[in-house]
Amino acid sequence: MRLTQGTFSFLPDLTDEQIGKQIDYCLGQHWAVAIEHTDDPHPRNAFWDMHGAPMFDLNDAAGAMYELAACRAAFPQRYIRVTAFDSTLGVESIRIAFIVNRPEHEPGFRLVRQEAPGRTVRYSIESYAVAANPEGARYS
Amino acid sequence: MGTVESVEITDTKQRYAAGVLKYAQMGYWDADYEPKDTDLLALFRVTPQEGVDPVEAAAAVAGESSTATWTVVWTDRLTACDMYRAKAYRVDPVPNQPGQYFCYVAYDLSLFEEGSIANLTASIIGNVFSFKPLKAARLEDMRLPVAYVKTFRGPPTGIVVERERLDKYGRPLLGATIKPKLGLSGRNYGRVVYEALRGGLDFTKDDENINSQPFMHWRDRFLYCMEGVYRASAASGEVKGHYLNITAGTMEEMYRRADFAHELGSIVIMVDLIVGWTAIQSISNWARDNDMILHMHRAGHGTYTRQKSHGVSFRVIAKWLRLAGVDHLHTGTAVGKLEGDPMTVQGYYNICRDTTTRVDLPRGIFFEQDWGALRKVMPVASGGIHAGQMHQLLDLFGDDVVLQFGGGTIGHPMGIQAGAQANRVALETMVLARNEGRDIRTEGPEILRNAARDCTPLRAALDTWGEISFNYTSTDTSDFVPTASVA
Numbered sequence: 001m002r003l004t005q006g007t008f009s010f011l012p013d014l015t016d017e018q019i020g021k022q023i024d025y026c027l028g029q030h031w032a033v034a035i036e037h038t039d040d041p042h043p044r045n046a047f048w049d050m051h052g053a054p055m056f057d058l059n060d061a062a063g064a065m066y067e068l069a070a071c072r073a074a075f076p077q078r079y080i081r082v083t084a085f086d087s088t089l090g091v092e093s094i095r096i097a098f099i100v101n102r103p104e105h106e107p108g109f110r111l112v113r114q115e116a117p118g119r120t121v122r123y124s125i126e127s128y129a130v131a132a133n134p135e136g137a138r139y140s
Numbered sequence: 001m002g003t004v005e006s007v008e009i010t011d012t013k014q015r016y017a018a019g020v021l022k023y024a025q026m027g028y029w030d031a032d033y034e035p036k037d038t039d040l041l042a043l044f045r046v047t048p049q050e051g052v053d054p055v056e057a058a059a060a061v062a063g064e065s066s067t068a069t070w071t072v073v074w075t076d077r078l079t080a081c082d083m084y085r086a087k088a089y090r091v092d093p094v095p096n097q098p099g100q101y102f103c104y105v106a107y108d109l110s111l112f113e114e115g116s117i118a119n120l121t122a123s124i125i126g127n128v129f130s131f132k133p134l135k136a137a138r139l140e141d142m143r144l145p146v147a148y149v150k151t152f153r154g155p156p157t158g159i160v161v162e163r164e165r166l167d168k169y170g171r172p173l174l175g176a177t178i179k180p181k182l183g184l185s186g187r188n189y190g191r192v193v194y195e196a197l198r199g200g201l202d203f204t205k206d207d208e209n210i211n212s213q214p215f216m217h218w219r220d221r222f223l224y225c226m227e228g229v230y231r232a233s234a235a236s237g238e239v240k241g242h243y244l245n246i247t248a249g250t251m252e253e254m255y256r257r258a259d260f261a262h263e264l265g266s267i268v269i270m271v272d273l274i275v276g277w278t279a280i281q282s283i284s285n286w287a288r289d290n291d292m293i294l295h296m297h298r299a300g301h302g303t304y305t306r307q308k309s310h311g312v313s314f315r316v317i318a319k320w321l322r323l324a325g326v327d328h329l330h331t332g333t334a335v336g337k338l339e340g341d342p343m344t345v346q347g348y349y350n351i352c353r354d355t356t357t358r359v360d361l362p363r364g365i366f367f368e369q370d371w372g373a374l375r376k377v378m379p380v381a382s383g384g385i386h387a388g389q390m391h392q393l394l395d396l397f398g399d400d401v402v403l404q405f406g407g408g409t410i411g412h413p414m415g416i417q418a419g420a421q422a423n424r425v426a427l428e429t430m431v432l433a434r435n436e437g438r439d440i441r442t443e444g445p446e447i448l449r450n451a452a453r454d455c456t457p458l459r460a461a462l463d464t465w466g467e468i469s470f471n472y473t474s475t476d477t478s479d480f481v482p483t484a485s486v487a
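Those protein sequence lines, which keep their order, are chains A and B.
Residue numbers for the first sequence follow the numbering used here, so the first one is 1 and each next one is one higher.
Residue numbers for the second sequence follow the numbering used here, so the first one is 1 and each next one is one higher.
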């Protein structure tokens with residue numbers, strides 16, 4: 001399966017040139033760009049590991065691309081995303097988040113059904129990769 | 001507009017003598033009144049009957065929506081009646097609409113119960129719309145003082161928190177209403193939910209009249225829909241939802257349905273506007289307590305919002321709904337099959353999403369409105385829109401909107417999943433292009449055609465609907481005199 005979280009997952013994987021343009025857009029909006037990675041892509045996993053702090057004082061996409069290259073070199077088989085944070089009053093949240101690296105093989109998720117009284121079902125979603133291996137040893 | 005009859009009678013003996021006076025004489029007209037920051041302000045468009053002076057008409061509106069009755073009553077003198085009287089303070093002829101006048105009325109904050117839209121509406125639109133001296137009246141806009149705004153809890157979730165819960169940023173959300181509206185069994189209905197979400201939509205939706213009819217009882221619908229939602233979520237790794245319509249005949253039954261949606265793990269429920277203000281505020285509290293997104297379908301609003309001369313503008317309904325506390329609100333598409341002039345519709349969107357709404361006459365906004373940190377409502381564009389309009393929709397409404405393509409998903413020639421995929425690809429393509437600095441308004445069709453080269457479902461969507469548009473003249477447009485821009 002293809003994990004389709006993020007703003008652009010239905011498009012072919014973005015090239016570095018395309019990623020750079022999106023980062024330029026974020027900087028133009030005065031958003032703080034950050035890079036995060038994980039090997040636990042459950043849709044409720046909000047807290048991917050931070051590759052350093054958000055780059056609040058970045059002026060040039062090249063700086064973020066440099067960090068992205070370092071993150072990819074360290075975690076080539078992890079999901080990596082670029083996020084941009086907007087501190088404007090009334091927002092104070094992420095404004096864009098898109099995947100820029102993904103493992104070669106994406107086994108996806110199992111839907112776990114726990115049958116309850118009546119015809120009710122309690123659903124949970126379980127990542128095959130997470131179920132098979134501990135953190136750090138998944139997707140490799 | 002300064003006749004003897006429009007001047008307040010200040011001599012108390014004369015003022016409270018039994019009999020009938022003009023409303024202006026009774027003190028409901030005050031051309032010198034300076035509205036206080038804590039006053040509620042209302043702008044009415046009135047069409048007085050032949051021979052009725054516009055100032056008297058405005059005073060009558062102020063009177064009938066506050067303390068007045070048709071005759072003088074001495075019991076007024078037991079009260080601080082001057083404060084309780086609403087004051088009409090300005091009357092302007094409506095530009096290019098002979099016989100119509102914009103009347104501004106101010107109400108003291110103490111006239112209203114805190115946190116009750118029912119009380120607000122009973123006052124402001126309770127009597128005046130049936131008043132004989134007026135041929136027609138329309139409530140065009142309101143300014144709600146922040147002191148009053150703060151007595152409401154507002155949207156239980158709001159745009160920012162909704163996005164954080166969904167883990168979806170940087171683009172409009174995508175939805176579809178399940179069709180046909182009537183007749184699908186629970187199992188067949190859930191199939192459409194699954195296909196649309198599996199194909200790439202974020203949300204699917206019950207229609208306004210899907211409740212618990214003989215062809216599909218509500219529990220069956222909820223069970224099959226949630227199976228579809230979770231199956232699609234597991235297949236994509238995304239949070240997805242189906243707006244389960246809990247509208248029912250009684251509040252007790254609505255709570256029962258809401259509780260079952262909650263038990264099944266739904267992230268969103270929906271109600272129809274026709275359940276009424278009190279029910280909306282109650283279910284909003286329930287949604288807040290249960291971490292549930294509350295979707296509002298504005299069923300029925302066209303009966304009183306559409307005609308420019310009479311009723312209540314949707315911008316006022318949108319303001320009341322933001323106070324009452326809904327998370328999603330259908331606000332029009334401008335380019336789809338339902339009524340909506342683009343600028344007027346943008347005005348509704350701004351009311352939903354602004355921190356402070358500025359005066360904007362072309363968009364029908366007459367008052368500045370401070371929203372007092374109330375959460376923002378996610379506008380929903382639904383009704384006769386398709387992938388070929390993606391550039392227009394993104395340009396008109398920006399990122400914080402749910403774009404709902406019902407027919408434009410389910411009617412796709414290659415199937416429902418393909419329809420959903422076409423919409424998602426078109427959307428992400430357009431957002432990418434806009435962020436790269438391209439002018440999507442002019443280059444949009446070309447950007448879509450290029451994307452369609454690598455995406456067969458998008459190509460089929462453009463081939464099927466690319467030329468479809470609904471170009472009818474809107475009935476509800478703003479009346480204003482354009483002024484030269486200062487900047």
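Be aware that one or more of the hints could be misleading.
To be verified - Quick partial rundown of chain A residues pointing at chain B, CB under 8 angstroms, derived from the structure:
1) 4
2) 19
3) 27
4) 41
5) 43
6) 73
7) 111
Claimed, not checked - Facing chain A, from chain B, some residues (calculated, C-beta under 8 angstroms):
8) 83
9) 164
10) 234
11) 235
12) 238
Derived by calculation from the structure, the hints in this document are not laboratory data.
As the structure is a computational prediction, the values presented were derived from the model and not from experiment.
Glycine is no exception: its CB is placed at the ideal position from the N, C-alpha and C atoms.
Each hint, compared with the structure:
no.: 1; hint: 4; in the structure: holds (5 angstroms)
no.: 2; hint: 19; in the structure: violated (11 angstroms)
no.: 3; hint: 27; in the structure: violated (11 angstroms)
no.: 4; hint: 41; in the structure: holds (6 angstroms)
no.: 5; hint: 43; in the structure: holds (5 angstroms)
no.: 6; hint: 73; in the structure: violated (25 angstroms)
no.: 7; hint: 111; in the structure: holds (4 angstroms)
no.: 8; hint: 83; in the structure: violated (34 angstroms)
no.: 9; hint: 164; in the structure: holds (6 angstroms)
no.: 10; hint: 234; in the structure: holds (4 angstroms)
no.: 11; hint: 235; in the structure: holds (6 angstroms)
no.: 12; hint: 238; in the structure: holds (6 angstroms)
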